[in-house]
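If you want the building blocks of each chain, they are given just below.
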Amino acid sequence: MSTSQAPLIPAPGETRRRPLVVMRSVSKMFSSGTLALSDMSLTVEGGEFVSLLGPSGCGKSTALRIIAGLGDVSTGTIDWPSSRINSKGLPEGDISFVFQEPTLMPWQTVFGNVYLPLKLRGVSKSSARDEIMKTLATVGLQDFADAYPRELSGGMKMRVSIARALVTKPKLLLMDEPFAALDEITRQKLNDDVLRLWRETGITVIFVTHSVFESAYLSNRIVVMKARPGRVHADFPLKTSMSRDAHYRTSEDYRQACEKVSNMLLEAIGGEEH
Amino acid sequence: MTDTDIALVPPKPGFLSRNRDTLLRTLVPICVVICLVLLWQFIITVNSIPQYILPGPLAVANSLYNDWGTLSPALWVTTQITMQALALALIGGVSIAVFLIQSKWIETAFYPITVILQVTPIVAIAPLILIYAPTTQVALLICAFLVAFFPILSNMVQGLKSVDHNLLNLFDLYGASRWQTLLYLKLPSSLPYFMTGLRIGGGLALIAAVVAEFAAGSAGAGSGLAFRLLESQYRLNIPRLFAALILLSLLGVVIFAITSFISWFFLHRWHESSLKREN
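From first to last, the protein sequence lines stand for chains A and B.
The opening residue of the first sequence carries number 1004 in our numbering; numbering runs sequentially from there.
The opening residue of the second sequence carries number -12 in our numbering; numbering runs sequentially from there.
Worth flagging that the hints you see were computed from the coordinates, not collected in a lab.
Some hints could be false.
[Unchecked claim] With a straight-line cut-off of 30 angstroms between C-alpha atoms, the simulated DSBU-like cross-links for lysine-lysine are:
1) A:LYS1128 - B:LYS148
2) A:LYS1172 - A:LYS1137
3) A:LYS1172 - A:LYS1122
4) A:LYS1128 - A:LYS1172
5) B:LYS91 - B:LYS148
6) A:LYS1192 - A:LYS1137
7) B:LYS148 - A:LYS1122
8) B:LYS91 - A:LYS1122
9) A:LYS1242 - A:LYS1192
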């Protein structure tokens, strides 16, 4: 319990902007009486890649869902200083969510699934077509627009899910253990894809995972959480001068990052037993 | 084919081998039916069973041909009642299911009523309906509707409530309206359940139309197949009874084929139930 929340350090070279989302002392009590999240504060700047890492039951998914506006907070507030807020207190069209499962509509083609967010906004199919095909191309699925989800592999379904999240050009992409169910090879490939998309689009990502290696590979900031009740244990930036690619995976930088993250996680888990 | 007998290029299959599966699938049941009919005729002839106890297939075919003038309008009436009842049951079942899932309270309040309607034996309320309905036709329609309606309703309610929670979350996230969620998510996602309801409802509508007509038979002005069936029994015209029975079976088969085709048509691209399992 010795580690306090590290103050937020803006990434080097990045101009100081208004934060994208600010959680202030957010607590969440489930109707069963479980305190899923206790007094969590988190400020995420635009362009960050934040991983929420922790053991199961630490409330990392709950935190993500609360940010997405799925479920109310028991106490605390969530602010969107740089977004236009709609009547529900959510930023208008600025968030996208990728679930652990691909969560595709099986009765729609790949195209139809990616079209969904635009359809719900009232964009006609013909005017959305170009954008959809462009987004499908960024995840390498331009040839599968007419395929049905059941015809795709697990990794491809996930790509469709990511394409659907990106098609609205959101500012914030929330990913809830998106690759946990995939095999290691597919997972690495998709990790690289997500990093590439993050670099190309300048999107902000909050990524929930229970994998030390995944979080150390992807993020430039890691929030380690601990369970019962779910709360923030440590919050620190992860800097590297290297570009994060296959070479980085075998570098000393990456090893050190993994060690640091791993120690923090062990602390978070160990603290539980005392 | 033995192990040594490996052809690098598989020979182009001929028509017979290409369609062997389909041919067998069609021919085998047809042969079985033909054999059974022959056996039927054989037993009748050998034991010289009189026609008023059990007519042979020839006598039935004869009656089907000769009495077509009487039977065909009856067939048409029964078909109409069944189809209209099924159509009404589809509209009613789906719209009431959509109404029921709007809130927990609505469901709690109204679901028991639909169950009571379902579990009450239809023959028992048929006389009542006969009193209140303006014509016998309408009474039959109401009976058949009541029976076909429930499986569609209960399947539809189940389907509308079985929507993937993450997809519901996704629709919430994108700010979908209630109407959009119903139209783009809940209805398509309950399509497999609807199809189950349709297949069960289609069969039940015919059964209910027949049963209701049995009950209504004495009310006169009956002209459906069920009435013709009873009438043939009273007159000891057993071949015609069989002919009516065969027409009823055929109608049932056609309804089953149509509903199965509709189900296949809408689900074969995406739903596991309509897919061939490949391992």
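Going through the hints against the structure:
{"no.": "1", "hint": "A:LYS1128 - B:LYS148", "verdict": "holds (28 angstroms)"}
{"no.": "2", "hint": "A:LYS1172 - A:LYS1137", "verdict": "holds (12 angstroms)"}
{"no.": "3", "hint": "A:LYS1172 - A:LYS1122", "verdict": "holds (14 angstroms)"}
{"no.": "4", "hint": "A:LYS1128 - A:LYS1172", "verdict": "holds (17 angstroms)"}
{"no.": "5", "hint": "B:LYS91 - B:LYS148", "verdict": "holds (11 angstroms)"}
{"no.": "6", "hint": "A:LYS1192 - A:LYS1137", "verdict": "holds (20 angstroms)"}
{"no.": "7", "hint": "B:LYS148 - A:LYS1122", "verdict": "holds (23 angstroms)"}
{"no.": "8", "hint": "B:LYS91 - A:LYS1122", "verdict": "holds (29 angstroms)"}
{"no.": "9", "hint": "A:LYS1242 - A:LYS1192", "verdict": "holds (22 angstroms)"}
Of the numbered hints stated above, none is contradicted by the structure.
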